[in-house]
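Take a look at the letters that make up each chain.
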Amino acid sequence: MKLTRLTALVLALVMALSMLTVAQSEEKPSTWISDELVEIRIMRDENPSQPITTDNIKLQAIEELLNVRIIVEAPPKASYADKKSVLIATDDMPDIMFVSHSDVQTYARDGMFVNLSEYKDQMPNLFAVLAANPSTATLTIDGSYYAAPGIQRINPDARRSGQLVNIRVDLLEKYNIPTPTTWDELYEAILTIQKNEPGLVGMTNRKGGSTTATRKMMDCMAYPLGSSSSMYYDEDLGGVWVYGPAHENFKAVLTYLNKCYAAGVLDPDYAVMTKDLWTEKFSSGNAICTIDNDGVVRNFNVALQTVDPNAEIAVIPTLTNTLGQTRNFYADENKLGEAWVISASSEHIDVCVKFLDWCYSQQGADVNGYGKEGVTFDYVDGKPVIKADLLAQYAANGSTASYDIQSALGIGLLDISPYFDTGAQNQMEIYMMGSAEAIAEYRALVASIYADTNLRAPVQNPPLTAEQTERINELSLAVENIIWQEVDKYITGQEPIENYDKVIEAARKAGAEEMEKIYNEAWAALLGK
Amino acid sequence: MAIKEGGVSRKAFNIFNYVFLFLLMVVCLYPLYLQFIISISHGLEVMKGGITLLPRNVTLATYRAILRGDLFMYMKNSIIYTVVGTAVNLFMSCLCAYPLSRRTFSGRRFFTAMVSVTLFFGGGMIPMYLTVKQFDLMDTMWALILPGAISTYNMIIIRTAFQSIPDSLVESAQLDGATDLTILWKIVIPLSKATLATMLLFYAVSHWNSYFDAMLYINKKELYPLQIMLRNMLIGGQLAEETEMVGSSAASFATTDATLRAGTIIVSTLPILIVYPFVQRHFVKGVMVGSIKG
Amino acid sequence: MSNESVQIRNRRPLAQRFIRALNRDKYLYLIMLLPAVYYILFCYYPMYGVTLAFKQYKPKLGILGSPWASQNGMKYVLQVVNDPYFWTVFKNTIVLNLTNLVISFPAPIILALLLNEVASSKYKRIVQTITYLPHFLSTVVVVGMMTSMFNSTGIVNELLGKLGIGPIAFLNDAQYFRPMYIGSNVWQGIGWDSIIFLSALAGLDMELYEAARIDGAGRWKQTIHITLPGILPTIIIMLILAMGRILNVSYQKILLMMTGSNQSVSDVISTYVYRRGITKADFSYATAVNLFQSLVSLVFVAATNWISRKTSETSLW
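Residue numbers (my numbering), protein chains in the order written: chain X, 2 to 530; chain C, 57 to 350; chain Y, 495 to 811.
Treat the hints with care, since some could be wrong.
As the list claims (entries may be wrong) - Computed beta-carbon distance windows for the label pairs:
{"id": "1", "chain 1": "C", "residue 1": "Ile330", "chain 2": "X", "residue 2": "Pro310", "range": "44 to 52 Å"}
{"id": "2", "chain 1": "X", "residue 1": "Gln61", "chain 2": "C", "residue 2": "Gly125", "range": "16 to 24 Å"}
{"id": "3", "chain 1": "C", "residue 1": "Leu127", "chain 2": "X", "residue 2": "Asp111", "range": "35 to 43 Å"}
{"id": "4", "chain 1": "C", "residue 1": "Leu326", "chain 2": "X", "residue 2": "Lys510", "range": "53 to 61 Å"}
{"id": "5", "chain 1": "X", "residue 1": "Asp83", "chain 2": "C", "residue 2": "Ser262", "range": "44 to 52 Å"}
{"id": "6", "chain 1": "C", "residue 1": "Glu227", "chain 2": "X", "residue 2": "Asp83", "range": "17 to 25 Å"}
{"id": "7", "chain 1": "C", "residue 1": "Tyr209", "chain 2": "Y", "residue 2": "Val531", "range": "19 to 27 Å"}
Said to hold, decoys possible - From the structure, some residues in chain C lie toward chain Y, with a derived Cβ separation under 10 Å:
{"id": "8", "residue": "Cys150"}
{"id": "9", "residue": "Gly180"}
{"id": "10", "residue": "Leu329"}
By construction, these hints were calculated from the structure, which means they are not laboratory data.
Cβ atoms here follow ideal geometry from the backbone N, Cα and C, with glycine treated the same way.
Based on the provided sequences and hints, a complete structural model is requested.
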């Protein structure tokens, strides 16, 4: 025992000495952000599609470049909400943690997270990116940034998506129906198809992750139809914050949906749909139209075309609603709801600050998005491109290829990439399309969505003070309880639309009015800055 | 023989009973069977729906995808936690139940009250986390075993079983000079085998199915139990709305959310199915076997 | 002071009695030692967390260091009690659980009794093994299957349609929520829950049956007079324990089944707390609700226990 301990001691001394000499003889690389090798614990949730690896080539690259060793902890997404709230509440956070903007709102004022604005001069990259994305101003808490938000570095292959109108374009063609340009034309189109092919479900939707199917449908449809399912900024009403379901215009949404329901255009099961049932209806060719994430819907084509090779479900341009508005949102390219915070109790705050800032540099975005230069990607015309042999290797995995490659390399949106770049995923997907024809078709589609000028940029909620936040929390649940028990009655026609005025009145009294006031004040304060 | 006697009505009852139980079996077996055939069907066919009796386009892609990960490492962890945890549970529960079952025990009222309070009141997630951290159990197996060493519910069931043993048996043993430890080990436990087998099952299944404690107290991936990963496949995918899988038209779709979910259920239920008959024979007995025991 | 002397006089015999009892039951106390340590360390020690219900929680200050909540610490308790919607979900929870209890509790007992009547030991074991399988299906899958069977074009409505009925909105109509919820609970739990009663049956004394048969009692009479009384202690204990969970409903299944139309009956305490929690991690509010739930279930258990002790010999304490 004694002997081994002694040998270990001698060995350790020898090693320490040799390391000293090495350190002396070699110049410290200029990219290092720490003189000694520092271990930083970073935690984020693990999406089941892309398991997080804890010893990948990206982490190696970071260690070489920065002299920082990242210890990744990745609890599963399914339980992450509980995990992070317990870690914050017990002040036992890892050095850097992935949380949501609402966590920042709840805890920043308690001093749980490092105030990044105090380190502004040490974080030039982050604050440059924030300045370039003005909507991030909405993320401040009492004027300061406590978190680094998820910002996308747009690459040439990136695609824009949204909750768009997806329809069986082959059926439109088959029955000589011109592409609808208004919601009323859409209604007529579906009705015509249903007349020719009885049994097909018209418009249908799915359940949300934690909301009812009706709520999810409204989240997707209420805005293009002239209102919204919650608090939103309405340009058409003159640029004010409005609580959608407690506004006159919501009746237009309900009236339209009621018309669809009565005619059988809206799925009679719309209120109880699940994601599986929704998938089933479209994949088997039994449904015509859905307003949902166009990327997800496009997946149905693969199954659909095994039933009918000519079938195709595709996006059509934004429709004009019954109020005469032609509008919809595209999905924000940034992930402003996502927040990377540094624990105020961390022992390595300085290194964490530098690391987080590095993530927002071009080099940081390249490493986090593509891996290690020369090993996993090369620069072609100054742009990072994943090596072709890697793409070929993972293409064999089929539908999961783009996630598998990102999982293995530790890169992309679902890993540790605050300033994310979807390039690796896009390049993988394009590689797998194979033919030049398919790629051209895909690019045309992507371009058409960018070209649809009626798709508006989503507007972020203004930052609230502590009192405002508490008041909104108190009011919103009460208002929601009033509204969402009523909405289905008006869609199915159990109640005539005139009676909805009473719901509006009750909701406004219960707090919708006060909430609007708070948001408009906060908005004015933000603009005033 | 038990069923020997009885006339027409008895026969009618027996027929009804057999048929009813058969139907119940069908109703209970079908869902799992459905998950099985979904798990071996091609993802595209599952997307289209309509799989009810037979798999379509049989493929093992789902199982290959499940096995591609560190499934066996997680499974090994789960088995260790379940075996050690159940052993600790049974040991502690018997220790606790025996004194509480003795009517002459002077501390009975006090300890019964002490135990019963915990049925209703607990500290909650945050103090529990701090306690486990304070005892330095983080990132160890014991964080998953010690905080739940006794389930008061199960312990009370064991106590009830112990109580049903005639006092005369215990008293005569005491007259023979046996200590309480001997009585517990030599008389009470052997006579409560059926209940203890049931509790073994209850404890083991709850260890096997538990994920919450591991999620809270374990940060190292190599220590995760199987359920953490399985639950993520089942539920995490549904939560991940904003990062939904966007494949490309060339993708094969041999496995989808739905097939992975089904395969996951099969994989996690299989070990329980294999072990079950060994436990089951202790509480499901033929009438004849039962009568010999009495 | 005289008061003190009274105390001392009273204390001495008590202490003596205690020491004598300790000596007599020393092995029992020894056996109880380890469990007692467990209960103190992992159940009683963290119980200070209950004070969270009365605190304005600041993570940096810890639970005990956090300041008391406003309104003399009653802020969150009052928030619970004064919220009219809370009483709606409270009522929903009680109604749902009591109805569930009335149906889900006897079902496994009946299954155990039916299994007991099966002569073939092999058949019995097969039935038992298979009926307990649904317990291992995840809620997501159970509700998913329910949705595909009971939607307007699902197999159930198709069959009803052939009989000229429907289609019935089983999944959306508020009046069908409880039957659907409870029905699926029975289906999922009947086999698993019957295990405990089967094991009680296995412990019954066969000589009693022998004697009854000699007296000419038929199977039915034997069931009524021997089997049921034999497993009654188990039934009562299970019932009392079930009463302790009268306010507990897992939010997962309900959230999956909830629609706007059935929310008026399907919204329960746990789903309400869950929805509040989405917007903010409100530990104090959640603890206040828990405390309330604990007190209510304590009342239910105590009442059931009292009735049981008056009418039979079995009781929890």
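Results of checking the hints against the structure:
no., hint, in the structure
1, Ile330(C) with Pro310(X): 44 to 52 Å, "holds, 45 Å"
2, Gln61(X) with Gly125(C): 16 to 24 Å, "holds, 22 Å"
3, Leu127(C) with Asp111(X): 35 to 43 Å, "holds, 41 Å"
4, Leu326(C) with Lys510(X): 53 to 61 Å, "holds, 56 Å"
5, Asp83(X) with Ser262(C): 44 to 52 Å, "violated, 18 Å"
6, Glu227(C) with Asp83(X): 17 to 25 Å, "violated, 51 Å"
7, Tyr209(C) with Val531(Y): 19 to 27 Å, "holds, 20 Å"
8, Cys150, "holds, 9 Å"
9, Gly180, "holds, 4 Å"
10, Leu329, "holds, 8 Å"
Figure legend: structure checked against the earlier numbered hints; hints not met, in rising order: 5 and 6.
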